[in-house]
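Chains as they are written, first to last, in the UniProt record's numbering: chain A, 1 to 277; chain B, 1 to 277; chain C, 1 to 277; chain D, 1 to 277.
Derived from the structure by calculation, the hints contain no laboratory data.
It cannot be assumed that every hint is accurate.
What the hints assert, rightly or not - Negatives, chain C to chain B, calculated, CB over 12 Å:
1. Phe22
2. Glu77
3. Val92
4. Val170
5. Tyr176
6. Ile193
7. Ile208
8. Ala220
9. Leu221
10. Val229
11. Thr238
12. Glu240
What the hints assert, rightly or not - Going by beta-carbon spacing under 7 Å, a handful of chain B positions derived as facing chain A:
13. Asn9
14. Ala12
15. Thr26
16. Ala46
17. Ser165
18. Pro190
19. Gly204
20. Thr212
21. Gln216
22. Val218
23. Leu225
24. Tyr227
25. Val232
26. Thr238
Backbone N, C-alpha and C fix where the C-beta goes; we use that ideal spot for every residue, glycine too.
4 protein chains.
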Amino acid sequence: MKRTERPKNWAAWRERLHVIIFEADTLAGKTFDVLLLIAIFCSVLAVSLESVQEYQKDYGTLFYVLEWVFTIFFSLEYILRIMAVYQARRYVFSFFGIIDLLSILPTYLGLFFPISGGLLTVRALRLIRIFRIFKLGGFLNEGNLLLGALYRSRAKITVFLSFISLLVVVLGSLMYLIEGQADSGFTSIPRSIYWAIVTLTTVGYGDIAPATPLGQFVAALIMILGYGVIAVPTGMVTAEIIQQEKGAAPSTQVCKACLKEGHAQDAIYCKYCGEEL
Amino acid sequence: MKRTERPKNWAAWRERLHVIIFEADTLAGKTFDVLLLIAIFCSVLAVSLESVQEYQKDYGTLFYVLEWVFTIFFSLEYILRIMAVYQARRYVFSFFGIIDLLSILPTYLGLFFPISGGLLTVRALRLIRIFRIFKLGGFLNEGNLLLGALYRSRAKITVFLSFISLLVVVLGSLMYLIEGQADSGFTSIPRSIYWAIVTLTTVGYGDIAPATPLGQFVAALIMILGYGVIAVPTGMVTAEIIQQEKGAAPSTQVCKACLKEGHAQDAIYCKYCGEEL
Amino acid sequence: MKRTERPKNWAAWRERLHVIIFEADTLAGKTFDVLLLIAIFCSVLAVSLESVQEYQKDYGTLFYVLEWVFTIFFSLEYILRIMAVYQARRYVFSFFGIIDLLSILPTYLGLFFPISGGLLTVRALRLIRIFRIFKLGGFLNEGNLLLGALYRSRAKITVFLSFISLLVVVLGSLMYLIEGQADSGFTSIPRSIYWAIVTLTTVGYGDIAPATPLGQFVAALIMILGYGVIAVPTGMVTAEIIQQEKGAAPSTQVCKACLKEGHAQDAIYCKYCGEEL
Amino acid sequence: MKRTERPKNWAAWRERLHVIIFEADTLAGKTFDVLLLIAIFCSVLAVSLESVQEYQKDYGTLFYVLEWVFTIFFSLEYILRIMAVYQARRYVFSFFGIIDLLSILPTYLGLFFPISGGLLTVRALRLIRIFRIFKLGGFLNEGNLLLGALYRSRAKITVFLSFISLLVVVLGSLMYLIEGQADSGFTSIPRSIYWAIVTLTTVGYGDIAPATPLGQFVAALIMILGYGVIAVPTGMVTAEIIQQEKGAAPSTQVCKACLKEGHAQDAIYCKYCGEEL
């Protein structure tokens, strides 16, 4: 009797664990998600502050203790996730499964190898885990709308990015030709391409800036070009958002007679064959 | 008789004071508001110029006198406001009540404590009081339209800002990993996050700029990303403003006579057949 | 006979001069405008290049001769304009009359007074005269459309600029408080306000940049704010241009019965009183 | 017999060559285009990396060999193109014909003349050849849409660019007057115009930045102006894209049966009553 009951308890317990960890609809699940969110946020804050040398000097031990507290907490969470999930393998090799592992691994590796800050800083990337929390609120709708606008514009975006890539390579090479001899930072084509991107996006650091009159003339042309070019993605995204808000996107209805799509939201009859929708 | 009359006069005087100070519809009220506007503006100008060391040296006494003139004027105004308002407590603890107090307090505190410029500069914040003047003109309508567009976009803005925050933390950490060893200013994760914000918003000071080829490559990707990302708030606000101006979106009313739709929100008669709606 | 004919000839000659100089519809007028455009352009180019010290050294005499050639040409043009115009006084004191005078005066003044480059450089402002040429082509329509969009948005633009002005003064003062002690360029409130404008408009020179962690934090907030704020004018202008292209602006028709305006372009009956339009 | 057959073979072979090189519809043509794309990309990558001095030192020989491999490959391609095309002369003097020649010439010239890097860097411009590949995918549609939007806005863009040009010349001259004496980089009018462009496009390198209070004040005004000016191209392009997507604007057709309008351009049957349009 005991032997049959134990598995039963185990299944029930596992079911409960699954609800808490993976479902955000119940109170327990919501509480868990919020706690996790706070833990991730605090842990990233600790990693960030630890990278400031003054703080590292003064509060080194505190950061060390905090890091282990967070690591053990996240390790427990990782183990519980594996236990709660129905197909452990699928979770472990999923995007978030790998991120979860990567967010605890560096601390353990730091035990065995005397590694420099580099690997340890990878811990900051655990902030990516916060994206999981987005299933929490009503954010999904708005986020989906934005993603949808980006997704539908993907063809235009691809063309645009290809065009920008070609443009910066050609302009970068041109500026290397013009400014290469001058002592103005255009020391190689890759650096000149980097400059072209910095300029075309209107970021303009000024670490590399044309010094010769001809270089400044070409740079001015590039900037005015960038002026117009920046208008294109804005226009595309704006048009998408407007279309979307209108709900003017065609309905997903398919005509029963001719099987064609693309009917307006208010259509009663198929515009291709005249059949009632 | 005198005893009953005095309160009567007092009430009438207070009523008049209230009209002048709090209502902008009458000539007296308008004049008061304009005078106050000029006083606030001049006082902020004086504080600003006082912070310039050369002027401070040459005209120090003038600034001192001016400051006291403005402070006494604003103090009188503060006392009159308390007297004129029906519920003094409510005014004192209101947003503008506190701002009004904060705009005169520093000068008085400067009398008793030998305080540095810091506290005195708080006086510049009295410019916030100017917002009160906005009740003056027809500005409110336009301002409300803009605020309304922002307000209705708040869900999208929240998602967008959350996304940007995550992005800059992740990108900042990544750049710290890449550029941390180079002598290019990425000395800590918070500074790298600051750099990521400076870059993504296309401000690009250049006080921190990647120096390694890999760092410049990632920075270039971030800039091109920022190129697209900057399009999103513009698109959202534009869509809101357009929708709003349509307001303007035709009502859903259908004419009883000709069954046509598309009438303006304020239409009383059908614009196609002249029938009452 | 001769005495009466001469005035007649004079009037005809003056008429002809007026057509050539002030009217761009005839071939002669068009040719004159194009020649003038080229002369203005070349003269400004000469002034610009003259300001480059190397060129000034090598070709000083050439620039001197060129300047006098252009000045004499423009002087003749100025005299002819006065002669051709019907009301000489009105032209002389008009906007373009003053600009025309200002574009020749500096060279003559340079004869009598040993003036530095300052006054002579005013000559570059003669480029403003080019705006007169815009009457030439079909540019006017497009220019008017753009100006019209700006004009109809003027109330919103005023609110927006007032808001921006307040924002940069408040933010500038705040940053002066935070960064005033640090050696990062925030030496006075006006300079800090200048920095706030440089940052909010995403120009970002980097000549003044926050150095303290708190300053960088506040600066980051300002930049993200600027991110959203930059969307507002874009949205407003876009909405105006779209509305304009639609011709969706209400018709200028006034109802004969109730005298109300604001009817749609396709309205047949007054939407307020039902009367036929 | 052989003599008649040979030309026949030759014509067939030439036909086949033409299909492979100039038509992207067949598998052979597609493969050729993709291989060419990769070769162009690799060759530009090699030229770019060769310009980095460290790499040049270490892998100089490798780059030399690679360059000759690519040059010979492109030379063969050039010869084959001339052979395959029906009118060799027309191809040789076409835009792409000249680009193709320019992309191989520098390497050969380098054999005979001891030329500096300048001429050799021209090889990077061979990336322009990649544009030919655009005939490959479905990119053309999207690219045409974007180009179409730009093309239809050309009148507005011309007015806008003229206005910007005048603005930067006038503002540049003004700033030269104000800042010319200060040691802040405004050493000549052309440089000041360059600064005005850098500022108005919000690039803001900071290599030239106003130092005097008056200069900073005027610069601040220019930036706020740029704030509004940047909205104009964005608004124009956005309006174009929206109009285009509507394209999409409902047709003006009216249903014969129910007299309703608003049908899509491709509608064959009325969407309200099902009658044929």
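The hints, checked one at a time:
In this structure C:Phe22 is separated from chain B by more than 12 Å, as the shortest Cβ-Cβ distance comes to about 40 Å. With 12 Å as the threshold on Cβ separation, the claim that C:Glu77 sits away from chain B holds: the shortest Cβ distance comes to roughly 44 Å. Taking the minimum C-beta to C-beta distance to chain B, about 37 Å, the non-interface status of C:Val92 holds against the 12 Å cut. A Cβ of chain B approaches the Cβ of C:Val170 within 12 Å, the least distance being about 6 Å, so the stated non-interface status is violated.
With a cut of 12 Å on Cβ distances, C:Tyr176 falls inside the contact zone with chain B, its closest approach being about 6 Å. Its beta-carbon lying about 7 Å from the closest one in chain B, C:Ile193 breaks the requirement of being farther than 12 Å from that chain. With a cut of 12 Å on Cβ distances, C:Ile208 falls inside the contact zone with chain B, its closest approach being about 9 Å. The beta carbon of C:Ala220 is not kept farther than 12 Å from every beta carbon of chain B, the shortest such distance being approximately 4 Å.
Non-interface status of C:Leu221 relative to chain B is broken: a Cβ of that chain comes within 12 Å, the nearest being about 9 Å off. At roughly 9 Å, the least C-beta separation between C:Val229 and chain B is not larger than 12 Å, which violates its mark as non-interface. With a least CB separation of 5 Å from chain B, C:Thr238 falls inside the 12 Å interface cut-off, contrary to its annotation. Distance to chain B contradicts C:Glu240 as a non-interface residue, since its nearest Cβ pair spans about 9 Å, not more than 12 Å.
A distance limit of 7 Å between C-beta atoms decides the matter here; for B:Asn9 the minimum to chain A is near 58 Å, and the interface restraint is violated. For B:Ala12, the interface hint is violated, since its Cβ never comes within 7 Å of a Cβ in chain A; the closest pair sits about 54 Å apart. With a cut of 7 Å, the hint placing B:Thr26 at the interface with chain A is violated, because the nearest CB-to-CB distance is about 43 Å. For B:Ala46, the interface hint is violated, since its Cβ never comes within 7 Å of a Cβ in chain A; the closest pair sits about 35 Å apart.
Below 7 Å, beta-carbon pairs count as interface contacts, and B:Ser165 has none with chain A, the closest being about 9 Å; its hint is therefore violated. The restraint placing B:Pro190 at the interface with chain A holds, with a minimum CB-CB distance near 5 Å, inside the 7 Å limit. Interface restraint check for B:Gly204: the shortest CB-CB distance to chain A comes to about 4 Å, inside 7 Å, so the restraint holds. Residue-level restraint check for B:Thr212 is violated (minimum Cβ-Cβ distance to chain A is 11 Å; threshold 7 Å).
A hinted interface residue such as B:Gln216 counts as satisfied when its beta carbon comes closer than 7 Å to some beta carbon of chain A; here the least separation is about 4 Å, so the hint holds. Interface hint at B:Val218: violated, since its Cβ lies 11 Å from the closest Cβ of chain A, which is beyond the 7 Å cut-off. Interface restraint check for B:Leu225: the shortest CB-CB distance to chain A comes to about 9 Å, outside 7 Å, so the restraint is violated. Evaluation of the B:Tyr227 hint against chain A yields a held restraint, the C-beta minimum of about 5 Å falling below 7 Å.
With 7 Å as the threshold, the beta carbon of B:Val232 comes within range of chain A, its nearest partner Cβ sitting at about 6 Å, so the hint holds. Evaluation of the B:Thr238 hint against chain A yields a held restraint, the C-beta minimum of about 5 Å falling below 7 Å.
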